[in-house]
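Q: Here is how the chains run, residue by residue.
There are 2 protein chains.
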Amino acid sequence: MEKKIKMEMEMEKKIKMEMEMEKKIKMERKGRLNKIIEEAGICDARYEVKGMNIWLPYGLKIMKEIDNIIRREVERTGHEEFCFPLLISEDSFKKEAEHIKGFGSQVYWVTHGGKRKLQRKLLLRPTSETAMYPMFSLWIRTHKDLPFKTFQIINTYRYETKQTKPLIRIREIHFFESHTCHKDYEDAEDQIREDLKIMKQVADDLCIPYIANKRPEWDKFAGAEYSLGADSYMPTGKVLQIGTIHQYKDNFSIPYNIKYKDEKGEEHFVHQTTYGMSERLLGAVIMLHSDDIGLILPPAIAPIQAVIVPILFKGKEKKVMDFAEMLHEKISDKKVFIDRRDDMTPGNKYYEWERKGVPLRIEIGPRDVEKNSVVLVRRDSGEKKSVSLDVLRDEIGKELEAISKSFYERAKKLMDENIVRIKDVKKETKKKIKRKIVKFNWCGRGDCGHRIEESLDISILGTTGEKEKGRCLWCGKECDMITYGGKTY
Amino acid sequence: MEKKIKMEMEMEKKIKMEMEMEKKIKMERKGRLNKIIEEAGICDARYEVKGMNIWLPYGLKIMKEIDNIIRREVERTGHEEFCFPLLISEDSFKKEAEHIKGFGSQVYWVTHGGKRKLQRKLLLRPTSETAMYPMFSLWIRTHKDLPFKTFQIINTYRYETKQTKPLIRIREIHFFESHTCHKDYEDAEDQIREDLKIMKQVADDLCIPYIANKRPEWDKFAGAEYSLGADSYMPTGKVLQIGTIHQYKDNFSIPYNIKYKDEKGEEHFVHQTTYGMSERLLGAVIMLHSDDIGLILPPAIAPIQAVIVPILFKGKEKKVMDFAEMLHEKISDKKVFIDRRDDMTPGNKYYEWERKGVPLRIEIGPRDVEKNSVVLVRRDSGEKKSVSLDVLRDEIGKELEAISKSFYERAKKLMDENIVRIKDVKKETKKKIKRKIVKFNWCGRGDCGHRIEESLDISILGTTGEKEKGRCLWCGKECDMITYGGKTY
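So the protein lines, in turn, are chains A and B.
Read in order, the letters of the first sequence are residues 5 to 493 in the numbering used here.
Read in order, the letters of the second sequence are residues 5 to 493 in the numbering used here.
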């Protein structure tokens with residue numbers, strides 16, 4: 005009997021989750037992401053040049069928190085920050101043939117200065133290889149200069165012809181890019197292992213689970229030996245690439261002439277890697293962690309982690325405000341904001357901060373002052389509890405951690421539950437994989453890969469090293485490498 | 005007798021100062037600024053697109069310190085940070101006629117995306133009025149939205165046809181710009197008074213004295229009602245504009261339709277101001293405060309304020325290093341760096357940090373360890389003193405303050421001593437004003453102004469409100485407003 009109830013409850017839970025999911029997808033289609041971006045004050049997408057958005061103060065603050073997490077990780081691992089110019093000459097750009105092929109149709113060309121036609125056409129960087137590498141060839145002399153690890157956080161420009169979408173597919177991209185040079189292939193591989201650790205750390209802080217896939221040949225970065233993509237599963241059922249890491253081998257160092265002398269005085273071309281991330285990280289955060297009210301920020305990137313809202317009953321205003329100010333002072337090392345506005349009801353303040361995704365709210369009324377405590381409210385669960393002043397600091401820390409943990413776990417669960425192992429391309433299978441990440445065996449041949457993509461209407465994301473025996477989904481050949489696929493943004 | 009000696013000493017001092025000055029000017033002509041920028045690792049000017057330089061890690065750190073001082077001041081006064089797109093459409097740009105006239109010949113035009121010709125030409129912002137103001141007209145609704153105070157720190161682009169010079173005249177400008185909207189002219193004037201206070205605070209931190217001049221009509225910003233320029237005197241004898249503040253009145257709000265409803269529901273156009281600064285601030289710092297060895301940074305913008313150099317005698321390495329690490333830990337709240345490299349002599353380390361302009365050096369040898377003290381060395385004066393560990397923190401603070409004070413005073417003295425009051429445009433006068441800032445009476449008429457500029461081969465910088473009776477240098481009419489002039493960058 006008990007078992008039956010339990011099963012029914014499980015069933016109910018599952019149905020509820022599925023309904024939630026359906027609701028989210030519907031909202032997404034109706035522009036849920038855009039709505040949250042607007043209501044939380046992240047970007048304004050009404051700028052006259054399509055695909056280029058204005059960063060509003062609150063959005064810019066969140067993005068800077070993300071940048072600082074990235075900066076912390078890459079500086080910790082010995083990368084130095086540079087800032088290269090935006091404009092690149094056509095000559096420089098054209099040195100690496102694959103690269104220009106990959107980006108040629110996407111670059112903005114500057115042809116005139118004032119009324120004068122420029123002697124050399126210039127382009128806005130779509131990524132900075134071709135701006136940086138001529139300088140690398142001047143800077144790097146001997147093995148002592150290696151490994152050479154650089155990064156920058158700048159904007160890149162791509163003339164997207166597909167439909168644009170704020171934070172996800174835009175023409176002015178807020179871009180992190182690291183570029184490193186190494187003495188040989190193996191040292192560059194070490195760098196890629198380090199990059200994967202950095203990716204994990206950043207994504208953990210943002211509570212974003214992902215799969216690191218080695219892209220198929222036809223989907224690697226223009227000029228790369230191979231490319232890795234960090235693929236995150238979104239509640240819409242689509243996969244968002246939130247980071248990419250590339251092994252360049254000496255594909256760029258040869259045309260750009262980046263050489264070093266080893267201990268014996270012999271010259272070698274360096275091996276290179278790059279790593280890129282963008283405001284898609286914030287896009288993923290919003291899609292994964294917001295609810296019907298709006299944004300909820302993972303604590304690590306919240307410009308305000310807790311907001312103090314004093315509840316000002318008539319005649320007790322001073323008492324409550326004094327208490328609130330004292331409290332604010334006491335925890336001023338935390339990211340806490342005190343909402344002092346007196347022309348707004350507490351309810352309206354709650355609603356505003358909820359929509360801005362502040363993870364914790366601290367309510368203070370006259371009774372709390374008497375009890376020397378506050379009411380601590382979690383934005384994600386709505387959970388309230390009375391917390392005495394002397395343990396408040398610890399409680400804030402604990403709750404923030406609990407929110408992070410719960411966010412990550414929920415998103416991880418969502419992803420895991422939506423991975424489907426398939427063994428054929430039959431009609432029933434096609435139904436089963438709607439809005440899923442699929443895993444399957446693929447022999448690795450390009451022809452089979454393209455046929456699988458067409459037949460399932462998905463993109464092959466790549467391989468992770470995971471193995472399981474089976475037959476290639478298309479040709480039936482026995483093989484053991486597991487391949488991931490899905491619908492992508 | 006004593007008096008004679010004193011006079012001779014004064015004379016000698018004066019001659020010495022003049023010789024120093026001559027030397028600096030000669031060095032400047034030989035590219036002293038460029039040399040320091042290169043040797044301190046601030047920028048690399050060898051980038052293939054002329055007038056666009058690469059920010060190197062150390063230079064970028066210094067520039068960020070400057071940005072943070074600016075950010076601190078404008079946030080303190082209620083400005084919010086935005087980030088607007090780089091690209092502006094031709095239509096938007098052309099709305100304010102004076103503005104386009106002023107910048108038309110200097111803008112970079114983007115005409116193609118990939119191989120496709122763009123339907124609407126786009127331009128790289130030379131400044132952001134025309135990007136921002138169409139949005140301001142959407143955001144500002146009522147008097148409650150005013151004053152509306154924004155800023156951004158971004159790059160702007162100007163196709164300079166004059167000779168470029170790193171940090172001083174470039175085509176990719178690291179730019180701070182604030183833009184504010186007000187209910188009326190007087191409220192905008194209040195903003196300008198606030199801007200002048202911010203300018204003073206920023207320049208004080210950078211130890212840059214300046215004169216705030218109201219520019220003559222023909223030299224105001226394109227579209228402005230009037231413009232103020234902060235003019236700093238450089239050791240080369242030329243004047244560098246390090247900041248500009250503009251009163252726009254409703255000159256932009258009318259074409260861009262930025263209106264608000266007042267308490268009675270009546271509509272009015274807003275009044276606007278802007279304020280701009282750039283990496284010229286760093287250029288001024290270098291020209292004013294460096295010496296024959298190289299850069300010396302004002303403490304407020306030094307990424308490293310004191311460098312610890314352990315002197316590792318054989319057999320005593322561990323003792324000294326342990327002491328150095330302990331010390332470093334003790335003052336870790338200050339901007340202190342410990343140079344742990346073991347493949348370099350202390351002498352070479354000193355030289356490197358001197359050229360990077362670190363204001364203080366902390367030397368630790370075995371004897372210092374025994375005495376529980378360190379040797380503190382000032383970069384500017386070379387002054388050394390032994391400081392006991394328990395007062396080190398205070399001493400560092402005091403010395404940094406003393407350096408700032410001395411920098412400011414020396415630069416102020418240099419400027420004051422090079423201001424010459426003139427009353428005619430005779431040949432002898434012309435000789436007297438070589439490499440000087442001149443002050444004189446001018447009736448204010450454009451014709452007289454231009455004639456004065458031509459005849460003295462200077463630019464009129466403007467007026468400060470300072471008054472003294474006299475006759476217009478050109479027409480001889482009696483007038484009392486003092487006008488400043490000089491050679492400018």
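Hints were generated in silico from the structure; no laboratory data involved.
Mixed in with the good hints there might be a few duds.
Copies of one chain are not kept apart here, so a pair can be met inside one copy or by any two copies together.
Under the rule of at most 16 Å between Cα atoms (straight-line distance), these lysine to aspartate or glutamate pairs were calculated in the EDC-like manner [unchecked claim]:
| hint | residue 1 | residue 2 |
| --- | --- | --- |
| 1 | K169 | E85 |
| 2 | K148 | E267 |
| 3 | K99 | D347 |
| 4 | K434 | E77 |
| 5 | K438 | D420 |
| 6 | K242 | D326 |
| 7 | K253 | D394 |
| 8 | K435 | E190 |
| 9 | K121 | E164 |
| 10 | K323 | E43 |
| 11 | K119 | E164 |
| 12 | K8 | E356 |
| 13 | K389 | E399 |
| 14 | K440 | E16 |
| 15 | K253 | D188 |
| 16 | K65 | E84 |
| 17 | K65 | E85 |
Q: Taking the hints in turn, state whether each one holds.
A: Each hint, compared with the structure:
Taking the closest pair of Cα atoms, K169 and E85 never come within 16 Å of each other, the shortest separation being 29 Å inside a single copy and 23 Å across copies. Within a single copy, K148 and E267 get their C-alpha atoms as close as 9 Å, which meets the 16 Å cut-off; across copies the closest is 69 Å, which misses it. Taking CA atoms no more than 16 Å apart as the test, K99 paired with D347 passes in neither setting, with 62 Å inside one copy and 38 Å between copies. For the homomeric pair K434 and E77, neither the shortest alpha-carbon distance inside one copy (41 Å) nor that between copies (60 Å) is at most 16 Å.
When the C-alpha separation of K438 and D420 is checked against a cutoff of 16 Å, the pair qualifies only within one copy, where the shortest distance is 15 Å, while the shortest distance between copies is 77 Å. In this assembly of identical chains, K242 and D326 lie within 16 Å of each other by CA distance neither inside one copy nor across copies; the values are 50 Å within and 55 Å between. Proximity of K253 and D394 under a CA criterion of 16 Å is satisfied in neither setting, with 57 Å inside one chain copy and 54 Å between copies. When the C-alpha separation of K435 and E190 is checked against a cutoff of 16 Å, the pair qualifies neither within a copy, at 43 Å, nor between copies, at 68 Å.
For a Cα distance limit of 16 Å, the shortest separation of K121 from E164 across copies, 14 Å, qualifies, whereas the shortest one inside one copy, 25 Å, does not. In this assembly of identical chains, the alpha carbons of K323 and E43 never lie at most 16 Å apart, being 33 Å within a copy and 60 Å across copies at closest. In this homomeric assembly, K119 and E164 come within 16 Å of each other (Cα to Cα) only across copies, at 13 Å, whereas the closest approach inside a single copy is 27 Å. In this assembly of identical chains, the alpha carbons of K8 and E356 never lie at most 16 Å apart, being 44 Å within a copy and 77 Å across copies at closest.
Taking the shortest Cα distances, K389 and E399 sit within 16 Å of each other inside one copy (10 Å), while across copies they are farther apart (49 Å). Within a single copy, K440 and E16 get their C-alpha atoms no closer than 22 Å, and across copies no closer than 86 Å, so neither meets the 16 Å cut-off. For a Cα distance limit of 16 Å, the shortest separation of K253 from D188 inside one copy, 8 Å, qualifies, whereas the shortest one across copies, 62 Å, does not. In this assembly of identical chains, the alpha carbons of K65 and E84 lie at most 16 Å apart only when taken from different copies (10 Å versus 23 Å within one copy).
For a Cα distance limit of 16 Å, the shortest separation of K65 from E85 across copies, 9 Å, qualifies, whereas the shortest one inside one copy, 20 Å, does not.
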